[in-house]
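Asker: Listed below are the residues making up each chain.
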Amino acid sequence: MKMTGSQIFLKCLEREGVKHIFGFPGGVVLDIYDELTRTPFIKHILVRHEQGAAHAADGYARASGKVGVCLVTSGPGATNTVSGIASAYMDSIPIVVFTGQVPTPLIGNDAFQEVDIVGITRPCTKHNYLVKDVKDLARIIHEAFHIARTGRPGPVLVDLPKDVIQGVTTPKFPEQIRIKSYNPNYHANPKQIKKALELILKAQRPVIYAGGGVILSKASEELTKFAEALQIPVTTTLMGLGGFPAPHSLWLGMLGMHGTYYANMSVHHCDVLIAVGSRFDDRVTGKIEEFAPHAKIIHIDIDPTSISKNVVVDIPIVGDCQDALSQLNALAAEHLPRELSQAHRAWLAQIDQWKREHPLTYDRNSGELKPQFVVEKLYELTQGNAIISTEVGQNQMWAAQFYPIRNPNRWLSSGGLGCMGYGFPAALGAQVACPDDIVIDIAGDGSIQMNIQEMATAVEYDLPVKVAILNNGFLGMVRQWQQLFYERRYSFTPMVSPDFVKLAEAYGALGLRAEKPSEVEAVIREALNTRKPVLMDFRVASEECVLPMVPAGAPMHKMLLT
Amino acid sequence: MRHVISVSVDNEPGVLSRVTGLFSGRGFNIESLCVAPTIDPDVSHITLVTAGNEMIIEQIIKQLRKLINVIKVVDLTATEHVEREMALVKVKAEDRQRAEVLRIADIFRCRVVDVSPATYTLEITGTTEKLNAVLGLLKSIGIQEVVRSGSLAIQRSRKD
Ligand SMILES: Cc1ncc(C[n+]2csc(CCOP(=O)(O)OP(=O)(O)O)c2C)c(N)n1
Numbered sequence: 000m001k002m003t004g005s006q007i008f009l010k011c012l013e014r015e016g017v018k019h020i021f022g023f024p025g026g027v028v029l030d031i032y033d034e035l036t037r038t039p040f041i042k043h044i045l046v047r048h049e050q051g052a053a054h055a056a057d058g059y060a061r062a063s064g065k066v067g068v069c070l071v072t073s074g075p076g077a078t079n080t081v082s083g084i085a086s087a088y089m090d091s092i093p094i095v096v097f098t099g100q101v102p103t104p105l106i107g108n109d110a111f112q113e114v115d116i117v118g119i120t121r122p123c124t125k126h127n128y129l130v131k132d133v134k135d136l137a138r139i140i141h142e143a144f145h146i147a148r149t150g151r152p153g154p155v156l157v158d159l160p161k162d163v164i165q166g167v168t169t170p171k172f173p174e175q176i177r178i179k180s181y182n183p184n185y186h187a188n189p190k191q192i193k194k195a196l197e198l199i200l201k202a203q204r205p206v207i208y209a210g211g212g213v214i215l216s217k218a219s220e221e222l223t224k225f226a227e228a229l230q231i232p233v234t235t236t237l238m239g240l241g242g243f244p245a246p247h248s249l250w251l252g253m254l255g256m257h258g259t260y261y262a263n264m265s266v267h268h269c270d271v272l273i274a275v276g277s278r279f280d281d282r283v284t285g286k287i288e289e290f291a292p293h294a295k296i297i298h299i300d301i302d303p304t305s306i307s308k309n310v311v312v313d314i315p316i317v318g319d320c321q322d323a324l325s326q327l328n329a330l331a332a333e334h335l336p337r338e339l340s341q342a343h344r345a346w347l348a349q350i351d352q353w354k355r356e357h358p359l360t361y362d363r364n365s366g367e368l369k370p371q372f373v374v375e376k377l378y379e380l381t382q383g384n385a386i387i388s389t390e391v392g393q394n395q396m397w398a399a400q401f402y403p404i405r406n407p408n409r410w411l412s413s414g415g416l417g418c419m420g421y422g423f424p425a426a427l428g429a430q431v432a433c434p435d436d437i438v439i440d441i442a443g444d445g446s447i448q449m450n451i452q453e454m455a456t457a458v459e460y461d462l463p464v465k466v467a468i469l470n471n472g473f474l475g476m477v478r479q480w481q482q483l484f485y486e487r488r489y490s491f492t493p494m495v496s497p498d499f500v501k502l503a504e505a506y507g508a509l510g511l512r513a514e515k516p517s518e519v520e521a522v523i524r525e526a527l528n529t530r531k532p533v534l535m536d537f538r539v540a541s542e543e544c545v546l547p548m549v550p551a552g553a554p555m556h557k558m559l560l561t
Numbered sequence: 000m001r002h003v004i005s006v007s008v009d010n011e012p013g014v015l016s017r018v019t020g021l022f023s024g025r026g027f028n029i030e031s032l033c034v035a036p037t038i039d040p041d042v043s044h045i046t047l048v049t050a051g052n053e054m055i056i057e058q059i060i061k062q063l064r065k066l067i068n069v070i071k072v073v074d075l076t077a078t079e080h081v082e083r084e085m086a087l088v089k090v091k092a093e094d095r096q097r098a099e100v101l102r103i104a105d106i107f108r109c110r111v112v113d114v115s116p117a118t119y120t121l122e123i124t125g126t127t128e129k130l131n132a133v134l135g136l137l138k139s140i141g142i143q144e145v146v147r148s149g150s151l152a153i154q155r156s157r158k159d
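Protein chains in written order, with numbering that gives the first Met the number 0: chain F, 0 to 561; chain R, 0 to 159.
Please keep in mind that the hints were generated in silico from the structure rather than gathered at the bench.
Watch out, some of these pointers could steer you wrong.
[Claimed, not checked] The calculated DSS-like cross-link candidates involving lysine-lysine, where the alpha carbons are at most 27 Å apart (straight line), are: (1) F/K190 <-> R/K71; (2) R/K129 <-> F/K131; (3) F/K65 <-> R/K65; (4) R/K61 <-> F/K217; (5) R/K65 <-> F/K190; (6) F/K217 <-> R/K65.
Please read these numbers as outputs of a predicted model, since none were measured by experiment.
The task is simple: from the sequences and hints, build the whole structure.
Answerer: Listed below in structure tokens is the structure:
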């Protein structure tokens, strides 16, 4: 049967099980938008800026575990998605971005709204395509989804010239995708697993350092089982939050620049470090030469390039985290139950002491409204059950520190790129994926303004996302560095903001404000009881710092605690 | 250390830029790069010369393998291989120097591919070291222009 490019496009999405796309129309994608009116199985959500579409697709993917999809026009539509694509790339999030393109005969002629988006996004996509012939369209779309979701996931961009969209052919929909040069290895080498377990069983001071790979490979149950069986404390990266059921007696919290004292001390002093789906990012390792200096390192990752990139490891294991951990669990079972060695017990006791000495804390008696208090209240009043997205900066770190995440896919944060403006559209994507959940964007007054326009999207589509702005009147995290390392010269970090309550009302959302600790609970309760998008403006202490802090370039155990 | 890496890729537009983009984006260096289609018109072959310590070379190879359009990557440095490079060089050659240039050409089995009253253009093929040696000798006579192909390399067949 003959079909147009638009029909093939939508048919492919249907075959991929796509239910939602985030998009924004324009000239070259008019045909697809026209066809959408006759496509009942797909719900299109009209964002207000294409960056929002990419982040929303990302949030959708993180919350649902499925591939997020967005659709934008050529030129500015395409370039507007780039930050969203780069963020998804850094965090290995599976999204497919469809961009319109000028007709193939015009490509290269500087046509109206032409941009080489394939060239622009080459370094920040897992792969990308320019479709030159409608006959290739079905194959390429299915390849794009396949590449996005398999192996180490990531964003894939497909550029669709107008004449391809309008072209007509009898499509062949592939039953199976085979790409000769792409075969990610899921199965971890059993010999390496055996070596790793031998090392772990002999360890006196073991620690697990888990990352986003645990979430992406749905390995958190295996991880928890392994840690509990062998009594190994677990720390995760920002990306790994939710991969281990916090709070938990073996839970160390997050490690790294704003990690807990006890997580960083544990990693610094451990003798075996088991890295699972993490990549030794500089925000995690601090001064790399002094990272885990006493440890033999085991590294499980599906991406061979992650292994021995920053740190030379002793036992590399290339494979899916879930596969590797379930092999480890099966093998470990032969040694169970097992009496912990004296040294291992002393290690756990030492960690408990570190926890008691330097818990995550802040001044609870100042009388001021502290941002950490707001996050704690959010945790308490949602019983830890919300999906949390964050913006970037102090708000993000306080969210990570004071809202322990129990389950995977409940924590959405732009980790690798640290992209301000991520949290709100990502929260909308998550709310689309999980309509019955409470979704909260923990925000700063700076970041929220980067994609505040999506409030109109939230209102239009009845997405009752709650935004908690920790409003400190500053670009807080940058100000913190100025405060600590630039003698308080606050160069362009004080920031004037609109009246967020009125702004919310102008959009047709609910706006609420708290200026004193005593007002916080009522505001949050009202927000949670409202079936509408809500902006909560918390006027928090303006010069609070995120602590502990490992100054850039310092080793991890040299933290500022006060 | 210098490494010669052989890369088979899909013969499609944009693939070379994925490869070179990887090098520039990650700060790896490229000493030379030779690209042409193979007998299979869907496949192109790249011979790439790079340098770095073991960890960097390992990253380069793994990163190349990660590109979807890369079919095969072999580090030839670790295996028995033949390496050749070609140069075309235009040498000033007047009066008694004409004989001198021809003598050098003869000793190193270069071919004269163009002649003018004041110059000879030679084609030199060989290892990079040989090219460097010949160019060194010709330099003292006077090189007007030189273009080099960059290295090509192929694995030696097993002899048993
Ligand atoms: C798009 C973008 N621009 C700039 C930065 C640099 N940056 C990192 S944190 C930060 C301050 C964020 O301020 P705000 O959103 O008010 O959050 P706070 O740190 O005060 O919680 C800035 C400017 C960034 N991460 N992203």
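Asker: With reference to the structure, classify each hint as holding or not holding.
Answerer: Verification of the supplied hints:
{"no.": "1", "hint": "F/K190 <-> R/K71", "in the structure": "25 Å, holds"}
{"no.": "2", "hint": "R/K129 <-> F/K131", "in the structure": "45 Å, violated"}
{"no.": "3", "hint": "F/K65 <-> R/K65", "in the structure": "22 Å, holds"}
{"no.": "4", "hint": "R/K61 <-> F/K217", "in the structure": "25 Å, holds"}
{"no.": "5", "hint": "R/K65 <-> F/K190", "in the structure": "24 Å, holds"}
{"no.": "6", "hint": "F/K217 <-> R/K65", "in the structure": "22 Å, holds"}
Of the numbered hints given earlier, the model fails hint 2 alone.
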